[in-house]
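Please build the complex by placing chain B with the ligands on the supplied structure of chain A, with the hints as guidance.
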Amino acid sequence: MATEEVVNLHAEAHHDAHDEHHAETFLTKYIFSQDHKMIAKQFLYTGMFWAIVGAFLSLLFRLQLGWPDTAFPFLETILGKWAEGGKISNDFYYALVTMHGTILVFFVLTAGLSGTFSNLLIPYQVGARDMASGFINMLSYWFFVSSGVVMFCSFFVHTGPASGGWTAYPPINGMRDIAINKGSGLGLDLWIISMALFIVSVLLGGLNYVATILNLRTKGMTMWRMPLTIWAFLFTAILGILSFPALLAAVVLMSFDRLAGTSFYLSDIVVNGQLLSHHGGSPILFQHLFWFLGHPEVYIIIVPAFGLVSEVLSVHARKPIFGYRAMVFSLMAITVLAFLVWAHHMFVTGMNPFAGSIFVLFTLIIAVPSAVKVFNWITTIWRGNLRLNPAMLFAIGFVSMFISGGLTGIFLGNSAIDIPLHDTYFIVAHFHIVMGVAAFFGMFAGVYHWFPKMFGRHMNDAIGYIHFYGTLIGAYAIFFPMHFMTGIPRRYARFDSFEFANNFAGLNKFISIVAMIVFVLQLMFVINVVYSSLRGRRMKSINPYGATTLEWTTPVEHFHGNWPGEIPEVHRWPYDYAINGKEYITQITPLSEDEVSHS
Amino acid sequence: MTTILGLIIIVCILLVIFYVARTVELTKELKGEADDTESASNAQGYLMFGFLIAFFIGIAWSSVHFLPMMLPAPSSVHGIEIEKLFNMTLFFTGIVFVVTHIVLFWFVFRYREKKGAKAYYFSHSNMLELLWTAIPAVVMLVLVVKGLVTWLSIFPDTKTLAKDTMVIEVTAQQFKWNIRYPGVDKDFGSRKIDTAHIGIATPDFWWKNELGIDWSDKASHDDFFADTLYLVKNKPVLMKLGALDVLHSFYLPHFRVKMDCVPGVPTTFYFIPNETTVEKRKLLSQLPEWQKINPLTGLQRYATFNFELACAELCGRSHYTMQKYVVVVEQAEYDEWVKAHIPIYVGIEKAKNAASAKLNGTEMNISNDSTMVIVDSMTKSRTDSKEVAVI
Ligand code: HEM
Ligand SMILES: [Cu+2]
Ligand SMILES: [Cu+2]
Numbered sequence: 001m002a003t004e005e006v007v008n009l010h011a012e013a014h015h016d017a018h019d020e021h022h023a024e025t026f027l028t029k030y031i032f033s034q035d036h037k038m039i040a041k042q043f044l045y046t047g048m049f050w051a052i053v054g055a056f057l058s059l060l061f062r063l064q065l066g067w068p069d070t071a072f073p074f075l076e077t078i079l080g081k082w083a084e085g086g087k088i089s090n091d092f093y094y095a096l097v098t099m100h101g102t103i104l105v106f107f108v109l110t111a112g113l114s115g116t117f118s119n120l121l122i123p124y125q126v127g128a129r130d131m132a133s134g135f136i137n138m139l140s141y142w143f144f145v146s147s148g149v150v151m152f153c154s155f156f157v158h159t160g161p162a163s164g165g166w167t168a169y170p171p172i173n174g175m176r177d178i179a180i181n182k183g184s185g186l187g188l189d190l191w192i193i194s195m196a197l198f199i200v201s202v203l204l205g206g207l208n209y210v211a212t213i214l215n216l217r218t219k220g221m222t223m224w225r226m227p228l229t230i231w232a233f234l235f236t237a238i239l240g241i242l243s244f245p246a247l248l249a250a251v252v253l254m255s256f257d258r259l260a261g262t263s264f265y266l267s268d269i270v271v272n273g274q275l276l277s278h279h280g281g282s283p284i285l286f287q288h289l290f291w292f293l294g295h296p297e298v299y300i301i302i303v304p305a306f307g308l309v310s311e312v313l314s315v316h317a318r319k320p321i322f323g324y325r326a327m328v329f330s331l332m333a334i335t336v337l338a339f340l341v342w343a344h345h346m347f348v349t350g351m352n353p354f355a356g357s358i359f360v361l362f363t364l365i366i367a368v369p370s371a372v373k374v375f376n377w378i379t380t381i382w383r384g385n386l387r388l389n390p391a392m393l394f395a396i397g398f399v400s401m402f403i404s405g406g407l408t409g410i411f412l413g414n415s416a417i418d419i420p421l422h423d424t425y426f427i428v429a430h431f432h433i434v435m436g437v438a439a440f441f442g443m444f445a446g447v448y449h450w451f452p453k454m455f456g457r458h459m460n461d462a463i464g465y466i467h468f469y470g471t472l473i474g475a476y477a478i479f480f481p482m483h484f485m486t487g488i489p490r491r492y493a494r495f496d497s498f499e500f501a502n503n504f505a506g507l508n509k510f511i512s513i514v515a516m517i518v519f520v521l522q523l524m525f526v527i528n529v530v531y532s533s534l535r536g537r538r539m540k541s542i543n544p545y546g547a548t549t550l551e552w553t554t555p556v557e558h559f560h561g562n563w564p565g566e567i568p569e570v571h572r573w574p575y576d577y578a579i580n581g582k583e584y585i586t587q588i589t590p591l592s593e594d595e596v597s598h599s
Numbered sequence: 600m601t602t603i604l605g606l607i608i609i610v611c612i613l614l615v616i617f618y619v620a621r622t623v624e625l626t627k628e629l630k631g632e633a634d635d636t637e638s639a640s641n642a643q644g645y646l647m648f649g650f651l652i653a654f655f656i657g658i659a660w661s662s663v664h665f666l667p668m669m670l671p672a673p674s675s676v677h678g679i680e681i682e683k684l685f686n687m688t689l690f691f692t693g694i695v696f697v698v699t700h701i702v703l704f705w706f707v708f709r710y711r712e713k714k715g716a717k718a719y720y721f722s723h724s725n726m727l728e729l730l731w732t733a734i735p736a737v738v739m740l741v742l743v744v745k746g747l748v749t750w751l752s753i754f755p756d757t758k759t760l761a762k763d764t765m766v767i768e769v770t771a772q773q774f775k776w777n778i779r780y781p782g783v784d785k786d787f788g789s790r791k792i793d794t795a796h797i798g799i800a801t802p803d804f805w806w807k808n809e810l811g812i813d814w815s816d817k818a819s820h821d822d823f824f825a826d827t828l829y830l831v832k833n834k835p836v837l838m839k840l841g842a843l844d845v846l847h848s849f850y851l852p853h854f855r856v857k858m859d860c861v862p863g864v865p866t867t868f869y870f871i872p873n874e875t876t877v878e879k880r881k882l883l884s885q886l887p888e889w890q891k892i893n894p895l896t897g898l899q900r901y902a903t904f905n906f907e908l909a910c911a912e913l914c915g916r917s918h919y920t921m922q923k924y925v926v927v928v929e930q931a932e933y934d935e936w937v938k939a940h941i942p943i944y945v946g947i948e949k950a951k952n953a954a955s956a957k958l959n960g961t962e963m964n965i966s967n968d969s970t971m972v973i974v975d976s977m978t979k980s981r982t983d984s985k986e987v988a989v990i
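These protein sequence lines are chains A and B, in that order. Taking my numbering, I'd label the letters of the first sequence as residues 1 to 599. Taking my numbering, I'd label the letters of the second sequence as residues 600 to 990.
For the record, the hints were derived by calculation from the structure and aren't laboratory data. What you were told as hints is all true, and nothing was included just to trick you.
Below, computed lysine-lysine pairings styled on DSSO-like, alpha-carbon distance capped at 30 Å:
#	chain 1	residue 1	chain 2	residue 2
1	B	Lys775	A	Lys81
2	B	Lys839	B	Lys938
3	A	Lys540	B	Lys717
4	A	Lys540	A	Lys582
5	B	Lys938	B	Lys834
6	A	Lys582	B	Lys717
7	A	Lys582	B	Lys627
8	B	Lys627	B	Lys714
9	B	Lys627	A	Lys41
10	B	Lys817	B	Lys834
11	B	Lys951	B	Lys938
12	B	Lys891	B	Lys879
13	A	Lys540	B	Lys713
14	A	Lys582	A	Lys219
15	B	Lys891	A	Lys509
16	A	Lys582	B	Lys714
17	B	Lys713	A	Lys582
These stretches of chain B come out as covered by chain A in the derived footprint (C-beta under 8 Å, 3 or more residues):
#	stretch
18	708-720
19	742-749
20	848-862
From a predicted model like this one, the values you see are computed outputs, not experimental measurements. We put the beta carbon where it would ideally sit given N, CA and C, even for glycine.
One chain only, chain A, in its complex shape (with noise of 0.2 Å):
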């Protein structure tokens, strides 16, 4: 029994036939998994449940956008006293925008991709039999369960979930006094509580994703070597290790201020004609704290999809990806320049205009290796053979929405042409198109790509396609025009007591309804995943697409440990394809006599 622990600690040992000491019960199966492989099935499938529960939210305050005058009597139905007489309340509207943006930021694109696919592809792409610590995997995900359950709780306490903005700005948020705002009470309680968790489950997982790259890399598989979705992984895994705290700091700051009385970032309050008493602290300090995970929170979304999609288009163009080492430096530049532009996001909170010329100065500088990887991606598939699957059409979207998403990045960082479009549309438009929707087409590619892997079954093409056309559309249908909303300010739950922002009733009722368009496509996507992994057409050879990574040379029944024998010995770097004559080489295939190494 003593070497049965050893083997557990060190997955690496792991290789003879222990199964019959694991007997394995359907709670240590599928709840309270320890394997990769079901863990980043369990972070798929509550991604997803949050991905519908946070459209939904968005089409609940389109609705009020588009139809600002309207009553829907089934919305009192659901809502109950948040939509009296069929309208959306002030301030459940302000909730429901809170909710959609936390919701679809940290549960969505944080962990629901990241913790799908990094847990998926870590262990098998570097060759190890699982994660550094199987334990702490499974840690990190039932953090993010529970921090899960909090926020579900939050909607229902009697003053509403937050509703101060995902950003939770103090003194709005600072302040535990429902009267300034309703969400201000429990619910924001709740969501400082479910976000500690969250932050918790990033930390756990990021550091076991670190210890297994480092650590647990196969014979041969040098970091040069890996493919570029570990090496998205890694920087992503650092960059929410290093930034993630910075959240948990500035909220917990901020409980106290609301709790016991502290003036971490209130001073000189007045409210109905009464001075509080707190004092000397600032509420741009928060912001500070905010900002400096916040920036670094887009690229945790961002980067593990430049990951999966860099190795989707190299896979489906069958030709390497072009500047593999370019790719992985403009991965490493962004994740350090990460860290170093977080005030352009409050370039006019009154700060020094001196240090607002260096975030200037470090923002546009981030659009630099921006470009070079824009630029590469564009080379990998020329002269390919672009087979035009699902993946590789929304790879390709990727690609689109990150060029429109990241040029207009370039006129906000420019902190004088940042002063009029600060908190308007063109904002909204923004980081809509880079980060939502570029995240999601990545995320998606990764879903269609790896289903087989996950599943041992195909998705459905013609479905797939479908959901790829109509997103694709869609979103920019959704979100091209909010460009020429330039100057209407967000978050305004309506727009009539203004002359200058009254002017696109219209394209707001046209935006609603495709939204809600684009969110029924999204369900034929979940049906097609839960079909599919059930009924769909069975996997007939362990490498359906002709790939060279690790992964495919896995069985494709699941079992832990992933490799039955020994874990295959790698001897080439991960892009060897259109070589040598052959259309691809994997990279257990040992060098020929007179083949040079590429890496």
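Here is chain B with the ligands on its own, set in the frame of chain A:
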């Protein structure tokens, strides 16, 4: 009922799609074509190229359609600079956008999968990497330099401002703006943020001195509140901004001015309006979009055009209602307007006397609203707004 019907229809559509998809898949499998990806790739190549064309047409159409509806050209000196910078960035990014999209989708079409075709092994080129690192870097540098010159010119050192700079203090609170002018002496009475000053104006009077104006400072005696932000054409103005309760943001869309109002942290914004309201209306009257009839007033849109002040930082449930008018006039008209205002101090004294005469010692419960009515009447606000709307 309609909801249920709608849901049933959606479910039916989904089911139909699903069965069609399933059939396609089964026939493929029966015919042994499941692994044939070529025909699909071929069709997708055309579709993607079609999408590109539709996308560009959509962008062109929506530009023509929406551009006239956007904010009119800026009405401030720095706003014009920002607009130039915006257009310059649009020029560079526009080129990149169009070229990369054409190339991306052209490649998708051109290199769609063909049986027997071979991909070309092309793994890296330092030359190319260098090229497309250097070119964006140079463009970015140009944008940074141009941008920073503009940026720093927008925030001059407040100590070196021109002598004739007008100073106006705006303090935001849920969900209104307190606009304070320094009066004829051009000097604000100081404010004291302590419990001795905030909350009460003078002993035994109910008006709440939320700003903490220090009445012992004589400079405060001619300060007045205004309901409309009056500015003078070509005269520099320094906005002193603050907030009482939560974050707000002082946003003048037409002047390209935005600056957060932060409790406990004073902020400022300096700018020069360069068109009067009347001049702006005249300019707009040339544009077809502005000649349309506004159904609410029955007048052409330009006739009732006004500059506006909005809040641009989420401040609570009525964030979207924090509206004020902004009026730009010539100096003479401004001076008239200033004279027409009763200073806060004088108004309070008057109201106090009137109240004590009327009440004659009886306890009375005056709601906040009536406070507002008295303060409003001190500032002539209602007549202002009406004048502004019609002129
Ligand atoms: C090309 C590089 C980019 C530049 C120069 C850039 C610049 C900016 C700037 C300056 C802002 C602040 C605008 C404001 O609030 O006034 C902003 C907002 C934002 N950006 Fe980017 N961005 C870039 C790429 C990205 C990417 C890749 C993502 C995510 C994947 C992203 C996500 C966001 C988000 C989420 C916000 C808004 C946050 C909020 O206020 O709610 N951006 N961007
Ligand atoms: Cu940022
Ligand atoms: Cu406000």
